[in-house]
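Listed in order, the protein sequences are those of chains A and B.
Numbering that gives the first Met the number 0 puts the first residue of the first sequence at 0, with every later residue one more than the last.
Numbering that gives the first Met the number 0 puts the first residue of the second sequence at 0, with every later residue one more than the last.
Please note that a few of the clues may not be correct.
No copy is singled out in the list; a pair is fine if it fits within one copy or between any two copies.
[Said to hold, decoys possible] The calculated DSBU-like cross-link candidates involving lysine-lysine, where the alpha carbons are at most 35 Å apart (straight line), are:
no., residue 1, residue 2
1, Lys536, Lys546
2, Lys276, Lys291
3, Lys100, Lys225
4, Lys102, Lys226
5, Lys162, Lys102
6, Lys76, Lys387
Treat the hints as calculated values from the structure; they're not laboratory data.
Listed below are the residues making up each chain.
Number of protein chains: 2
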Amino acid sequence: MAKIAKKYLEVHNDKIVERGYHPERHMVSESLFAQSNEYMGARAYFDEGISAAKSLRGVYFNGIYDYSREVLNTGYKGIATRTHFMVNSHDIFALELVINKEKLDLNKVKFKDFYRELSFHSGEYIREFTWQLPTGNVKVRIHRLLSLTNPHLALQKISLSSKSTADVRLTFSTHNKLKQWGGDGYFNDLAIGKEHHFLVSETTFTKQKLYTKNDFKTTLPEKQYKKSALSGVRTRFSFTLMPNEEVIFTRYITNLTSREFPSFKRGLNALYTEARKYIKYDYEYYKAANIKFYAKLNAVSHIDIIGNDEDLQGVRYSIFNLNSTYHGYSPHNNLGAKGLTGEAYSGHAFWDSETYCFAYYLFNNREAAKDLLLFRYNQLAQAKARAKDLDCRGACFPIATLNGEEGCTLWQHASLQQQPTTAVNYALYHYYRVTNDFTFMKEYGLELLKETCLFLLDRGQFDHDNNYFSYYGVMGPDEFKMMVNHNAYTNVLAKFSFDFFLHMLKKLSNDPDFEKVKAKLNIHVDTLRQMKNASQKMFIPYDDETKLFEQNAGFFTLPHIEIDKIPDHEFPLYSNWTYDRIYRGDMIKQPDVLMFLFLFNSHYDESIKRANYDYYEPKTIHESSLSPSIHSIFASELGYNDAALDFFAYASRLDLDDYNNNTNEGLHLTSMAATWMNIVYGFGGFRSDGHLYKLAPTLPARWQGYSFRLSFPNTLLEVKFTTNELVLKVEGEPLKILLYDEEIEIVDTYAKALN
Amino acid sequence: MAKIAKKYLEVHNDKIVERGYHPERHMVSESLFAQSNEYMGARAYFDEGISAAKSLRGVYFNGIYDYSREVLNTGYKGIATRTHFMVNSHDIFALELVINKEKLDLNKVKFKDFYRELSFHSGEYIREFTWQLPTGNVKVRIHRLLSLTNPHLALQKISLSSKSTADVRLTFSTHNKLKQWGGDGYFNDLAIGKEHHFLVSETTFTKQKLYTKNDFKTTLPEKQYKKSALSGVRTRFSFTLMPNEEVIFTRYITNLTSREFPSFKRGLNALYTEARKYIKYDYEYYKAANIKFYAKLNAVSHIDIIGNDEDLQGVRYSIFNLNSTYHGYSPHNNLGAKGLTGEAYSGHAFWDSETYCFAYYLFNNREAAKDLLLFRYNQLAQAKARAKDLDCRGACFPIATLNGEEGCTLWQHASLQQQPTTAVNYALYHYYRVTNDFTFMKEYGLELLKETCLFLLDRGQFDHDNNYFSYYGVMGPDEFKMMVNHNAYTNVLAKFSFDFFLHMLKKLSNDPDFEKVKAKLNIHVDTLRQMKNASQKMFIPYDDETKLFEQNAGFFTLPHIEIDKIPDHEFPLYSNWTYDRIYRGDMIKQPDVLMFLFLFNSHYDESIKRANYDYYEPKTIHESSLSPSIHSIFASELGYNDAALDFFAYASRLDLDDYNNNTNEGLHLTSMAATWMNIVYGFGGFRSDGHLYKLAPTLPARWQGYSFRLSFPNTLLEVKFTTNELVLKVEGEPLKILLYDEEIEIVDTYAKALN
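Using the sequences and the hints given, assemble the complete structure.
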């Protein structure tokens with residue numbers, strides 16, 4: 000992993016700061032300083048634009064998507080012909096600033112003292128600089144806020160001050176001409192309001208509607224400015240800036256989408272009335288509300304590290320972004336691989352949501368975790384249609400989706416990867432273990448399990464002589480193996496799915512709602528017998544002697560690829576190696592066997608984990624951003640402390656230091672959950688799949704201490720680890736755990752001195 | 000193989016005849032009555048067009064192609080982004096016939112006595128009918144001829160006669176608006192000549208040019224008709240048809256392409272001069288020349304069958320089409336899977352050329368066989384570029400091509416199938432065995448072998464422990480297995496390639512041209528050592544006990560698919576089964592292990608062939624039209640006489656009886672070579688890969704006898720088999736052969752009485 004850090008931000012523990020403008024990192028900063036409030040997200044593009052710099056002006060609304068104009072038709076069955084994607088929508092922050100006839104463009108004007116920050120406390124983004132006009136300097140400060148308590152509202156605050164008099168023309172505009180993937184956009188005008196400054200647009204194919212309205216407040220007395228509505232949706236303020244007087248404009252940007260507002264059917268007046276609800280207070284009010292909102296989430300998700308501020312910033316930045324992007328606002332939302340910060344991966348949610356993000360939410364914000372499950376439940380109809388496309392009964396969850404349909408047009412991923420489906424089952428299992436919420440299982444979980452297990456039953460096959468059940472022609476988590484048979488991960492997760500479903504059904508048989516739920520499930524006893532049989536006969540390729548699981552049939556004899564000898568310029572391999580070559584060796588993209596050993600960690604002996612880590616890790620190139628954290632966690636468990644830190648350093652600052660040279664496209668949102676896991680499951684040694692929660696904290700060499708918190712249904716646990724002492728504190732009910740394999744009960748505080 | 004015959008043609012042994020018009024088979028007839036002369040091909044569309052009927056007006060020139068407008072970009076390396084295809088070119092036979100103000104359209108006018116035929120003697124296509132006009136009947140007869148001796152020339156002859164007077168307006172037109180794949184065409188106007196009736200067009204991307212000029216002759220004296228040039232390229236003749244007088248118009252259609260004529264650079268006059276060369280004689284002259292041309296080819300390729308006229312017609316139709324489509328006109332031509340009869344398979348040549356067609360030409364028309372090899376040699380530069388795309392040295396021949404570039408945009412075929420490359424080597428080997436032509440090897444063969452072997456060396460890999468060499472991630476001949484390892488066919492053919500190359504090099508070392516050729520080849524001795532090593536360590540998955548070759552790693556334990564239980568409506572599977580499902584079982588599309596057992600038949604014991612046939616045939620659904628013949632050949636050898644006939648019946652009349660319901664798209668040209676092999680290698684028991692040629696004729700139950708001929712460099716052999724007698728006759732030098740495993744020498748005639 001010869002990845003190089005590109006450092007240009009200041010190190011703080013509660014914000015990120017760029018001091019002095021770095022034009023060569025313009026798009027990277029657009030991603031890093033991006034804001035989200037789950038409902039929407041905006042990249043930190045320059046409000047006024049900039050000539051010459053490569054920029055992605057991006058504003059995205061969760062769940063507002065369209066189908067691609069391009070239709071692929073292979074003529075084969077079961078292959079998605081058309082992708083869908085999160086659309087780049089209204090440019091809500093656009094403005095033009097002209098002072099003394101000079102137009103602001105940081106590529107052309109003279110300026111100094113450029114500074115910007117994104118605060119983890121408030122989510123506020125501030126950009127300021129001194130514009131050196133021939134007629135004297137003007138201090139410009141632009142604030143942006145996406146309200147978390149009032150998510151329809153985005154705020155922009157412009158502050159101007161100068162020592163000399165200046166003629167100012169400030170024009171706010173709203174339009175839907177943002178590019179999609181660098182080309183034509185998908186939003187079309189439906190209506191515009193010049194006087195009331197609003198724009199209603201509609202997506203091309205899905206006909207989703209978006210209403211954006213602006214209201215303005217200013218510190219200037221009404222007589223001292225001229226306000227005019229220009230063509231398009233533009234509102235202009237002209238005024239004279241008096242010496243040593245700060246003038247502030249606050250722009251209230253209210254956004255409504257047809258996704259949640261039936262008002263769209265009732266016409267523009269109804270939208271207007273609705274929009275007015277969200278702009279009652281001033282900027283500071285909404286900022287304070289944001290601070291309170293984040294503080295509440297941080298009461299659990301707060302992490303401290305003593306001894307390395309860069310690590311701390313990386314971790315806090317990750318948590319800040321996770322909390323911003325997804326926090327239980329709606330069970331119709333999910334987390335795209337890049338969150339709401341860019342167009343790469345089309346805004347799609349992957350199985351990352353269940354295998355990486357879910358644990359974070361489960362132990363920090365259980366309502367949000369539940370929403371992730373409900374998101375899948377709400378898309379069960381589409382998953383059933385997809386299973387049918389694949390000649391199976393039941394439900395097959397898509398590899399990449401926004402609306403529940405398969406968004407991946409590459410059959411080799413969409414048709415071969417069973418991970419999305421089994422991941423839903425794993426998340427259900429994880430949720431149930433922690434919450435014991437059988438009501439949820441009865442209402443949603445059992446139905447999900449029934450449909451996914453039906454699919455898994457049909458997609459699997461018995462071998463020629465009916466000796467064992469297995470999956471043929473699959474792609475496991477390691478995407479460098481295609482069309483393989485007997486992928487251990489797939490088989491282990493399918494077996495687990497059948498077992499968990501049957502176990503839940505058994506539990507149901509003693510439940511007062513048994514008859515009702517049974518009738519709803521409507522599953523034949525023969526089918527259950529088949530599932531039991533499939534589980535019992537599941538082929539798990541394990542060698543007792545070496546303790547190795549074979550990743551898939553034939554893996555052990557695959558040609559060896561010396562991954563350390565691959566020249567740096569050949570990465571990423573997908574672009575530089577001929578396509579099929581990637582699949583023809585023992586090189587691994589990301590954890591596969593190690594992935595199920597992680598998910599069911601407590602089920603396997605350390606010796607098994609060691610054997611498989613020692614065998615598979617050296618073959619892994621970590622081309623997925625999700626790979627290093629899982630390896631760091633195993634390295635911690637196995638005492639490979641240097642490796643644990645190496646993997647962690649890369650994972651924690653993946654975007655801040657742009658290790659993969661693609662932060663410009665957006666943040667690796669789901670990897671941020673892996674960063675959290677890296678602390679809690681890795682150094683903290685937390686395990687949540689055994690009969691008791693387990694902790695086995697270790698202290699990375701370059702830290703003097705660290706702490707984190709975990710929220711359980713009736714207990715908040717704080718783990719504090721320093722060079723001298725391990726302190727475990729609970730709020731709420733006492734907690735029984737395994738501490739380094741020793742069972743203890745923490746009633747209030749448990750402290751253990753360390754040598 | 001529950002395929003159904005659709006019979007509507009008369010059975011003759013030297014032509015096909017449709018009596019009475021069958022509108023529901025309109026497009027099928029367009030294919031069946033299509034004509035080719037290697038230079039060009041034309042479907043038997045109605046010259047005057049027809050309303051309502053589904054028709055494909057198609058005229059194609061060998062090697063005149065274009066790139067598709069559609070560009071696929073997967074973002075992955077080594078995947079062709081754009082296919083190329085044979086373009087549907089000038090509509091050279093278009094005409095309009097108006098008599099007494101009624102326009103000819105067989106969908107609208109009254110007619111009787113419809114008759115058409117295509118003669119195997121001359122290649123002439125005749126269509127005639129009586130047009131029942133209110134003013135009296137008119138006999139219409141339209142002849143078409145593509146000259147084989149003068150391939151730039153197509154002829155059309157219209158004959159009209161009537162018992163009553165009739166006003167006739169006959170308009171001949173030429174245009175380039177034929178549809179491609181049912182959509183927009185790719186030819187654009189460059190120049191038109193109204194008076195001289197010519198059209199020059201150019202393809203959209205490749206900028207290939209086509210010049211078509213018309214000249215007319217008529218039996219009418221000049222005074223009795225009016226000739227006018229109309230807008231576009233249209234020439235009209237208006238005249239009065241007198242009672243009981245036959246009027247004939249002959250249309251000379253001369254075609255020149257920029258492919259062979261530098262005249263295109265010298266302007267229209269030069270083209271005009273060139274075109275005039277080809278129209279010296281009358282229709283009958285060119286027809287007689289065609290008859291002579293076919294007769295010469297038939298002196299070898301003539302086959303007779305006593306006792307089943309349908310079989311005979313099928314076989315002769317196949318030979319007629321092979322001889323028409325490809326006969327040694329140019330080493331820049333090849334045979335597309337559908338010849339020049341339709342747009343399916345884009346006019347591409349596949350490995351069928353070397354593994355199916357090559358044997359036909361080798362023993363019937365050696366110059367044409369040599370051309371097939373030269374075609375590949377001429378495209379070596381493109382094959383080398385393709386190998387580079389695939390991260391290998393050497394040359395990789397494309398799976399589908401016209402111009403030498405990979406025309407298949409499906410990576411799973413184009414990147415995984417090594418058959419096209421190894422097939423070239425097999426054809427070289429076959430050619431050399433029969434001709435002993437070492438001059439050819441020195442000039443072309445060794446270079447081909449060197450480049451293909453380099454590619455095969457790089458594309459193969461050693462297993463993890465360097466125990467064996469093999470091919471990983473391939474698709475063998477059985478296209479129902481994808482991304483498999485250790486495909487026996489691939490490995491056997493690669494091993495053979497290395498061995499043959501090394502053997503030829505050894506032979507070269509005793510040749511006077513040794514130094515010269517060695518310098519040209521410029522291959523390092525280490526590379527040769529590596530090839531030797533790869534051959535010696537080649538993994539050939541064979542089980543001594545069962546005598547089975549395993550088709551690919553894991554085949555024996557694949558889930559079993561009961562192919563007889565697949566409902567008829569699920570065929571073709573590609574359209575009705577979800578894509579990946581096709582690959583997940585022991586169902587086979589076409590011979591794979593049996594294919595190399597066929598190619599190297601003499602190298603394997605009968606017991607091995609029997610074991611593998613018995614094992615693999617029941618798993619084979621013969622979805623490829625090339626499959627049945629190979630199985631028929633094995634069935635003959637193994638004494639499964641019923642099966643041999645069953646497979647043959649299907650193969651011999653595949654198109655005539657439209658077994659696959661797709662003859663409308665064009666003829667299965669390359670399958671026709673398999674039909675020939677089915678007679679000669681199948682019932683004739685001919686083998687050409689052992690140390691002596693072998694014959695082992697058997698008589699199919701429904702025949703009383705059959706005969707065929709084989710041409711060797713200095714000998715023409717005739718094999719005549721009846722119920723009483725086997726007679727072998729040679730012209731030229733005596734021939735030593737194995738007859739039913741007994742070595743005999745045929746000096747003049749060898750006869751053997753049969754009980």
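Each hint tested on the structure:
no.: 1; hint: Lys536 with Lys546; verdict: both (20 Å within a copy, 30 Å between copies)
no.: 2; hint: Lys276 with Lys291; verdict: within (21 Å within a copy, 93 Å between copies)
no.: 3; hint: Lys100 with Lys225; verdict: within (16 Å within a copy, 79 Å between copies)
no.: 4; hint: Lys102 with Lys226; verdict: within (19 Å within a copy, 73 Å between copies)
no.: 5; hint: Lys162 with Lys102; verdict: within (19 Å within a copy, 91 Å between copies)
no.: 6; hint: Lys76 with Lys387; verdict: both (11 Å within a copy, 32 Å between copies)
Figure legend: structure checked against the earlier numbered hints; every hint is met.
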